[in-house]
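Based on the hints, put chain C in the right spot on chain F.
Chain by chain, the residues:
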Amino acid sequence: MNGLTFDIAHLLAGGLVLVSFMMLYQDRLFALINVFALHAVVLALSVAWQAYIQDAHHLYVTAAIALVFKAIVIPVGLHRIIQRLGIHRDIETAVGIGPTMLAGIGLVTLSMVLMLRVTPEADPLAREDLAFALSIILLGLLVMVTRRNAVSQVVGFMSLENGLVLAATGAKGMPLVVEISVAFSILIAFIVIGVFLFRIRERFDSVDVGALDDYRGERR
Amino acid sequence: MTTFSFDAVAAILLIPPSAAALMAALPNYRVTARLNVVASFLTMLAALSLLVIDRPLPGQYLLVDDLNIVFIVLNTFVGFTTSVFSASYIAHELDTGRLTATNLRFYHAMYQIMMFGMNLAFVSNNIGLMWVAVELATLTTVLMVGIYRTHEALEAAWKYFILGSVGIALALFGTILVYMAAQPVVGEGTNAMVWTVLIQQAARFDPALLNVAFVFLLLGYGTKVGLAPLHAWLPDAHAEGPTPISAVLSGLLLNVALYAVLRFKLLLAASPQAIPPGPLMVTMGLTSLIFAAFMLYRRRDIKRLFAYSSIEHMGIIVFAFGMGGPLANFAGLLHMVMHSLTKSAIFFAVGHIAQVKGTQKIADIKGLTETHPGLGWALVIGVVAIAGLPPLGIFMSEFLVVSSTFARQPLLAIPLVFGLLLAFGALLFRLTGVAFGEPHGSTAPVEASYVPLYSHLALVFAAGIYLPPPLVTWFQHVAAILG
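Chains as they are written, first to last, in this note's numbering: chain F, 1 to 220; chain C, 221 to 703.
The hints are simulated quantities; they were obtained by calculation from the structure and are not laboratory data.
Note that the Cβ used here is the ideal one computed from N, Cα and C, for glycine as well.
Heads up, none of these hints are tricks.
DEER-style ranges, computed between Cβ atoms:
(1) F:Leu-114 <-> C:Phe-681: 44 to 52 Å
(2) C:Phe-626 <-> F:Pro-99: 43 to 51 Å
(3) F:Pro-99 <-> C:Trp-694: 49 to 57 Å
Next comes chain F alone, as it looks inside the complex:
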C-alpha cells in the first residue's frame, strides 16, 4: 500500500472522529441532525475508499446505504418529525459542554491507548481504523448519556453505529458486512418510526425521556 492511499483512509477515518466531536457541542436539534448527516457522508466516503483500496465491490453497497439512507433519508425524516412535534427549540444537555468535551478527549485517548497497544501485529490501516472506530463508538455513547431528548439519543446511537460500520469495513475481507449494515438500518428505521408513533398515537407531552421517567418504576 503506498503512502497516499493510506493517508486518505486515515484522513477520512480521523475526519469521522472530528465530526463526532462536533456533535458533542451542538445545542440545537436541527444543527445536531445536520452534523449527523455530515457524519454519514464522511462515513460513506470512507467506506467507498476502503472498497476501492481493498478491491471489495460489495462494500460499495454499504457506502451507498450510508449515503442514501443515513445522510439523506433519516435526516430529512427527523427534520420533519421535529417540526411536527414542535421541539426544534433546543436540546437540553444533561451535562455542560465543557465537561462533555473533556470527557470526549479522555475517551478518545483511552481508545487509542487500548487499541494501538493490543494490535501491534495487525495491518497498520486496520488497527488505526479500529482505534478510530472505538473512539467514535465511545463518543456516540457519550452523546447518548449526555442528552435527555429521545431524538438526540437516536442520533447518538446512529453515530455509534457508524463507528461499527467503520470497524467492520476496516477489517479486511470480513463477511456479512453488508448484511449487518442492512440489519442496522432496519433497526434504526424502527427506532425512528417508534419515536414518531409514540408521540402521535399516545400524545406524550414531549419526547423528552425525562418526561418518560415520571412514569417510571414502582407503581404504588
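Showing chain C alone in chain F's frame:
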C-alpha cells in the same frame, strides 16, 4: 442420514417464520392462538428429534453439537408450554379490552419470529449470524413489551430498546475484534467467523486482541443476560409487557445471550496466553446475585419481584460457569434448566393471578391459597423452588454450585451463600403475604391453563428427587466440553 438430520434443523428454522407469515394473514385470533400452539409443538418435536438422529456436519453457518442441543430442546419446550399458557392468557386480555384482535395477530406473528431468532442464535455456527439472530430476537421482544401502549409499557420498551441496542453494538464490536484476531491465522472470508474453525485455531490468535474482544462481548451480551450493572432494562420489560413475554424473556431470551457468552468463553479458554475468562464472569455473577438479592426486599410489583429474582439466578449461573470445572459447569447447566422451567411456571401463575385480581401490586394480593387454591399453591411451590428449598431441583443445583465453590475457592463461597440466603429471605417474606392470610381483592373463579404450569413444576420436582442417569451423563459430557 445426513440429509434427514439436516431436515430437522431446517424444520426448526422454517416452521416458525412460515407460521408467523400465516398468522399475520389470518384474522381470527382463536385460530391464530391454536396455530401458535401447533407451530410451537412441531418445532419442539423437530428439536427433540435432534436427540435421536445423527447430527449434521457443521457447515459454515449452522452447527448442532452437544452444547447447543441442551439449549435448543429447552428453548423449544418452554416455547411450546408458553404458547399454551398464552392462548388462555390473551383470551382474557381480549375480554378486558387491553388488547384488540389486530394486536393479537401482530403478537402471534412476533412470537414465532422471536422463536425463530432464538433458535437461529442457538444453531448458528457463524459468530456474525449469531449476532444478527440475537438482534432479531431482541427487536421482536421490544415490540411485544410495548404492545399495551400505556405510558409505562412504552417507557419500558424504549429503555429496553436503547440499552439493548447499546449492548448489541458492543457485542458487534467484540465480534469484529474476534474476526480481526482470527484473520491473520485463518485467512480472509467467512471461515474466520465460523466458530468450529475458530475454536481449533484459537491457540494461535493474538491473545491481547482476544482479551479486549471478550470484554466487549461480555459487556454486550451481558447486557442481555441482565447482569448488574447493565440490568436496568430487565425489571421494566418484565413488568410492563404481557406475562407470556415475561415468561419467555426470563426463561429463554436470557439463556440465548448466556449461550453466546459461553461460546466466546470457550474460544478464550482455548487460547493459552489470553486472560482466563472465569474471574470476569465470577465477578459479574456475584455482583448481580448480591445486588438483586438486596433489590428483592423493596419490590411492590409482583412481576418486578420475579424479574429481580431472574437477575439473581442469572448471576448464580454466570458465577457457576465462571468457576468452571466439571462440577461447577454441571451445576450451572442444571441450574439454568431448572431456572427456566421454574421461572416460566411462576410467570404463568402470576399472569393468571394478576388477571383475576386486576392488579400487580403485592399489597393488594393476599390469601391466594384460599381463594384460588390451584394458582395459589402453584405459586407457593414455584417460590419455594426458586428460593432454593429442598427437595426441588433448584436446591440441588444451588447445593452443587455452593459445594464446588467451597471445595475450590472457600472465600468466594461466603458472598455466594450470603447472596443466596438474602434472596431466600426476601422471597419467602413476600410469599407469605401473597399466598396466605386474609383474602384480599377479587375472588372470581379463574379460567387458568394449569397444564403448562404444573408440568413445569412436576419436572422441577422430579429433578430434585431423581435425575435419570442418561441425563446426568449427558450433562456431565456437556460440562466437560465447557472446560
